[in-house]
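Student: Here the protein sequences come in this chain order: D and P.
If you read the first sequence in the numbering used here, its first letter stands for residue 69, the second for the next number, and so on.
If you read the second sequence in the numbering used here, its first letter stands for residue 5, the second for the next number, and so on.
Source of the hints: derived by calculation from the structure; they are not laboratory data.
Careful: at least some of the hints might be erroneous.
To be verified - Derived pair list, reagent style SDA-like, types lysine to any residue, alpha-carbon separation capped at 25 Å: (1) D/Lys202 with P/Gly114; (2) D/Lys122 with P/Pro46; (3) D/Lys202 with P/Leu113; (4) P/Lys139 with P/Arg221; (5) P/Lys139 with D/Phe172; (6) P/Lys139 with D/Leu361; (7) D/Lys202 with D/Ala119; (8) D/Lys122 with P/Gly175; (9) P/Lys139 with D/Ala157; (10) P/Lys139 with D/Ala112; (11) D/Lys202 with P/Leu40; (12) D/Lys202 with P/Gly175; (13) P/Lys139 with P/Ile101; (14) P/Lys139 with D/Ile137; (15) P/Lys139 with D/Lys122; (16) P/Lys139 with D/His169; (17) D/Lys122 with P/Leu62; (18) P/Lys139 with P/Gly102; (19) D/Lys122 with P/Leu113; (20) D/Lys202 with D/Phe304; (21) P/Lys139 with D/Arg166; (22) P/Lys139 with D/Ser158; (23) D/Lys122 with D/Ile137; (24) D/Lys202 with P/Thr192; (25) D/Lys122 with P/Asp47; (26) P/Lys139 with D/Phe304; (27) P/Lys139 with P/Leu179; (28) D/Lys202 with P/Leu179; (29) D/Lys122 with P/Gly182; (30) D/Lys122 with D/Ala112; (31) P/Lys139 with P/Arg90; (32) D/Lys122 with P/Leu179; (33) D/Lys202 with P/Lys139.
Treat the numbers as computed from the prediction; the structure is a model and nothing was measured.
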Amino acid sequence: MSLLRIEYAYWLIAAFLLFTAWRNARERQGYRAAFWALLGLLFAGGDMVLAAQKAGNALPSQLAGVAVIALALLAPLLRRRAHPETASASARMASAIRLGHTLFVPALLIPLVTLLVALFGEHLSVGGIALFAKPQMTLTGLALACVVALLAASRVAQASLPQGLSEGRRLLDAIGWAALLPLLLAALGEVFTQSGVGAAIAALASMILPEGNAFLCLLVFALGMVLFTVIMGNAFAAFPVMMAGIGLPLLVHRYGANPAILGSMGMLCGYCGTLLTPMAADYNLVPAALLELRNPYGVIRAQAWSAFGIFVATFLFMWLLVFR
Amino acid sequence: MNYWPLLGVAVIVIGFALRFNAVPVVVCAALTSGLLAGLHVPDLLALLGKSFVSARMLLLFVLTLPAIGLLEHAGLREHAQQWMGRLRGMTLARLLIGYLLVRELLAMLGLTGVAGAPQTVRPLLAPMGEAAAEKIHPGLTDADRDEVRAVAAATDNIGRFFGEDVFIALGAVLLIQGFYAQHGIELTPLSIALWALPTAIAAFVIQSVRIWLFQRRLQRRAQAERNA
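Work out the full structure, taking the sequences as your base and the hints as a guide.
Tutor: Here it is, written out as structure tokens:
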């Protein structure tokens with residue numbers, strides 16, 4: 069039993085998404101309204117879907133699957149729409165001068181409250197009931213921090229909470245369908261795993277490997293981690309595939325590689341792939357939308373050379389250390 | 005071995021290459037792979053729905069938007085930029101490298117959710133970076149501004165990724181340990197996490213050098229325009 073659970077954060081998100089849908093509907097943005105409403109319903113009903121699935125009733129999950137396909141059909145219909153700024157540049161400047169550093173306080177409350185919950189959340193309780201549920205405590209803390217920051221921001225800016233929601237909705241509409249990608253890619257990873265895509269790639273990779281050359285084998289493993297991460301958008305999905313296909317049978321068992329070093333540095337090679345791929349949407353495409361870059365691949369471009377350099381360094385470390 | 009599900013990967017590659025909207029491309033790839041693997045349609049729909057719903061935490065960042073939007077309405081970015089302009093010793097490189105260090109250290113402590121693009125980059129780091137770049141080169145173009153923001157986002161990503169594996173209790177290390185345990189090799193999390201340290205240091209050095217080079221490029225261009 070605990071007072072604050074991650075499910076409450078999902079309900080808050082659902083409420084915010086439905087609010088965004090309602091405002092779009094009022095402005096006769098039909099597709100946009102339908103898109104956010106459908107996503108809001110998926111968030112509101114998520115717990116029920118997972119509970120029913122566990123109990124052996126597949127119907128709610130199937131309906132959720134149909135909803136996901138409907139979202140995919142709606143997404144291309146959402147044109148990027150820049151909401152006009154709600155305050156003029158001169159009004160914002162005047163307010164900035166008047167409020168000064170107090171503007172930083174609510175913004176910094178988000179990381180600060182999250183930090184405090186992550187560090188001390190375990191020990192907090194009210195009347196013998198734990199304040200935070202153990203699973204996902206940091207994320208629950210983040211959700212709480214957002215609520216605290218919104219209250220603080222409305223106080224500092226002397227604005228009402230509904231106005232905060234409208235401003236949030238302006239940003240959410242600016243992000244648009246890109247917000248959906250991280251969730252879809254997680255689902256894609258699951259489907260790929262269940263369909264045996266990973267096993268097929270590992271089989272192909274071991275077919276092209278030359279016999280008896282430990283260095284080349286290590287290189288194929290490292291590049292395979294990068295490539296497969298680029299395809300899947302997630303090094304966690306690439307790791308078991310490459311390890312089962314090449315890492316464990318060849319590098320560890322045949323050539324005697326150190327498993328701890330191979331595992332750790334192999335995973336980091338995968339992270340270099342994460343920096344390069346639009347499939348890692350929550351790190352690469354969502355920030356580009358959030359920062360309103362004109363090129364959706366701008367963030368990937370900015371980090372490509374760093375990814376290359378870090379990969380080369382990691383591979384060299386691995387080669388020098390792993391066969392010792 | 006059934007190689008047909010690999011066509012799902014081909015759908016992704018072609019879809020992104022032709023710059024189709026990414027959302028239907030990803031869903032088509034999932035349907036392609038699932039159907040070619042012989043999954044029945046109701047099972048495939050259930051799998052898609054269940055895994056989408058299980059990933060809900062990835063949308064948690066939208067909860068930051070109302071507070072950030074309200075503060076932007078009240079002039080947060082303008083204030084961050086003005087303040088940056090007044091800080092004398094603060095250069096673009098010092099700002100970004102300092103942030104990189106803090107982000108990497110926080111990630112090492114397992115505090116990856118503390119900072120990020122919606123929480124810290126959009127409201128604070130990017131506007132400060134733009135102001136710092138403006139101090140170097142007053143005639144920033146829109147393309148320059150985009151690049152400063154992109155470098156800020158990239159710095160945030162790199163700090164997070166290459167810090168987090170040094171912390172023992174985080175996902176990646178446990179995944180590695182779990183994989184080996186399944187295959188009969190027992191390792192302690194610490195013995196795995198330790199080996200992430202060389203890359204963490206290399207990532208810090210490499211990204212810092214790139215930030216510094218970016219700053220120097222801006223300085224040179226400003227110099228050339230002053231001379232012209």
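Student: Now, for every hint given, state plainly whether the structure supports it.
Tutor: Going through the hints against the structure:
Pair hint D/Lys202 plus P/Gly114 holds up; C-alpha atoms about 15 Å apart against a cutoff of 25 Å. At roughly 16 Å between alpha-carbon atoms, D/Lys122 and P/Pro46 fall within 25 Å of each other, so this suggested pair holds. The suggested pairing of D/Lys202 with P/Leu113 holds, with an alpha-carbon distance near 18 Å, which does not exceed 25 Å. With a C-alpha separation of about 14 Å, the suggested pairing of P/Lys139 with P/Arg221 holds against the 25 Å cut-off.
Annotation: proposed proximity of P/Lys139 to D/Phe172 holds, straight-line Cα distance about 22 Å (limit 25 Å). Proximity of P/Lys139 to D/Leu361 is assessed by CA-CA distance (about 21 Å); at most 25 Å being required, the pair is judged to hold. This hinted pair checks out: D/Lys202 and D/Ala119 have alpha carbons roughly 19 Å apart, not beyond 25 Å. A C-alpha spacing of about 24 Å is found between D/Lys122 and P/Gly175, which places the hinted pair at or below 25 Å, so the restraint holds.
The suggested pairing of P/Lys139 with D/Ala157 holds, with an alpha-carbon distance near 21 Å, which does not exceed 25 Å. Taken as a hint, the P/Lys139 and D/Ala112 pair is broken in the structure, with Cα atoms around 47 Å apart against an allowance of 25 Å. A C-alpha spacing of about 40 Å is found between D/Lys202 and P/Leu40, which places the hinted pair above 25 Å, so the restraint is violated. Of the pairs offered as hints, the one joining D/Lys202 and P/Gly175 holds, with about 16 Å between alpha carbons and a cut-off of 25 Å not exceeded.
With a CA separation close to 17 Å, the supplied pair P/Lys139 and P/Ile101 stays within the 25 Å bound. For the hint linking P/Lys139 to D/Ile137, the alpha-carbon distance of about 48 Å lies beyond 25 Å, and the restraint is violated. With a C-alpha separation of about 58 Å, the suggested pair P/Lys139 and D/Lys122 falls outside the 25 Å cut-off, and the hint is violated. Taken as a hint, the P/Lys139 and D/His169 pair is honoured in the structure, with Cα atoms around 21 Å apart against an allowance of 25 Å.
A hinted pair counts as satisfied when its Cα atoms are at most 25 Å apart, and D/Lys122 with P/Leu62 qualifies at roughly 22 Å. A C-alpha spacing of about 18 Å is found between P/Lys139 and P/Gly102, which places the hinted pair at or below 25 Å, so the restraint holds. In summary, the hint linking D/Lys122 to P/Leu113 is not supported, as the alpha carbons are separated by about 34 Å, beyond the 25 Å threshold. Between the alpha carbons of D/Lys202 and D/Phe304 the distance comes to roughly 23 Å, so the proposed pair stays at or under 25 Å and holds.
Distance check on the hinted pair: P/Lys139 and D/Arg166 sit about 23 Å apart at the alpha-carbon level, within 25 Å; holds. Distance check on the hinted pair: P/Lys139 and D/Ser158 sit about 21 Å apart at the alpha-carbon level, within 25 Å; holds. Distance restraint check for D/Lys122 and D/Ile137: the Cα-Cα separation of roughly 22 Å lies within the 25 Å cut-off, and the hinted pair is therefore satisfied. About 23 Å separates the Cα atoms of D/Lys202 and P/Thr192, which keeps this hinted pair within 25 Å; it holds.
The straight-line distance between the Cα atoms of D/Lys122 and P/Asp47 is roughly 14 Å, inside the 25 Å bound, and the hint therefore holds. With a C-alpha separation of about 41 Å, the suggested pair P/Lys139 and D/Phe304 falls outside the 25 Å cut-off, and the hint is violated. The hinted pair formed by P/Lys139 and P/Leu179 fails the criterion: a straight-line CA distance of about 45 Å is larger than 25 Å. This hinted pair checks out: D/Lys202 and P/Leu179 have alpha carbons roughly 20 Å apart, not beyond 25 Å.
For the hint linking D/Lys122 to P/Gly182, the alpha-carbon distance of about 24 Å falls within 25 Å, and the restraint holds. Of the supplied pair hints, the one linking D/Lys122 and D/Ala112 holds, its CA atoms being roughly 18 Å apart against a limit of 25 Å. About 10 Å separates the Cα atoms of P/Lys139 and P/Arg90, which keeps this hinted pair within 25 Å; it holds. Using a Cα cut-off of 25 Å, the hinted pair D/Lys122 and P/Leu179 holds, with the two alpha carbons roughly 24 Å apart.
As the CA atoms of D/Lys202 and P/Lys139 are separated by approximately 46 Å, the hinted pair breaks the 25 Å bound.
Of the numbered hints listed earlier, those contradicted by the structure are 10, 11, 14, 15, 19, 26, 27 and 33.
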